[in-house]
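**Student:** Sequence:
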Amino acid sequence: MGYGSRSEVARIAASGGITLDAAELLDVTQRIPVTANLTTRMEICSEALDPLAGMVILLNKPLGMTCSHKEDGELVYDILPERWKRRKPVISTIGRLDKQTSGLLLLTDDGDLLHRIISPKRHVMKTYRVRLARPLRGAEDDLFASGHLMLAGEDKPLAPAELLVVSDIEVLLSVSEGRYHQVRRMFAATGNHVEGLHRERLGGLSLPDAMAPGQTKLLTNEEVSSIFRSMEAPPRHQAVVKSALGSALPSCRRTH
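So the sequence shown is numbered by this note's numbering: it starts at 150 and just counts up by one.
Hints were generated in silico from the structure; no laboratory data involved.
List of simulated lysine-lysine pairs, DSS-like, C-alpha gap at most 25 Å:
| hint | residue 1 | residue 2 |
| --- | --- | --- |
| 1 | Lys219 | Lys237 |
| 2 | Lys219 | Lys234 |
| 3 | Lys234 | Lys366 |
The following label-pair restraints were derived from C-beta to C-beta distances:
| hint | residue 1 | residue 2 | range |
| --- | --- | --- | --- |
| 4 | His297 | Val158 | 53 to 61 Å |
| 5 | Thr339 | Asn370 | 37 to 45 Å |
| 6 | Val183 | Thr365 | 19 to 27 Å |
| 7 | Leu187 | Gly287 | 51 to 59 Å |
| 8 | Asn370 | Arg283 | 37 to 45 Å |
| 9 | Gly244 | Val183 | 24 to 32 Å |
| 10 | Asp261 | Arg235 | 19 to 27 Å |
| 11 | Arg378 | Ala185 | 18 to 26 Å |
| 12 | Arg190 | Gly222 | 36 to 44 Å |
| 13 | Val314 | Leu262 | 27 to 35 Å |
| 14 | Asn370 | Ala288 | 39 to 47 Å |
Beta carbons are placed, not taken as given, at the ideal position from N, Cα and C, and that holds for glycine.
I would like the entire structure built from these sequences, with the hints used as guidance.
**Tutor:** Take a look at the structure:
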């Protein structure tokens, strides 16, 4: 689980750092039944025991961080506690957000769950708050919803996407695919340029408003299940309430 070697865990226990049902557990060779509520009964260094398997982490990804060693910059994995980085199976991102995109990013050590979420057959919608360089022309919603938009260099049109207009330069866009730089390329196809991109929602799971950039949260089974619930477009009043971007959508410099 990444807490350390057997001798390191033994030292933690000897110092009183491991408790079970609020009692110190000094003998690490003691057999402990694995029960559904073990993570609530056991603490290590005053923190609840991490999930034994199937850990799912919600991260509010900051701007400037990357999900891949192929990009320059600090990796999102650097945010994680050392013990999480030592887990086996290893923790991986569920899909990717590029360096200049912030917001909701999931990480897990559950390979089956990872593939369920990213599988095109699941049609898990991803909702982004987009700030544009120029005002909308007015036909973008019909174009994106048509299922006929072909991105440059591709031979298959995009699946229909949902566009909710917040202002003439701000929208919420929901897509079911995850093509390379898809949202940026969609608006480029209309002659516009994305200046800010922030993912707010994955399926039925939303990024909490109070979650600061760089903050992580372990998801419950119920929260993981919510990802696969059918997602409707966000209500118009919700979009308007959040339209004052401020810290909700970090500023991005335009690149060429």
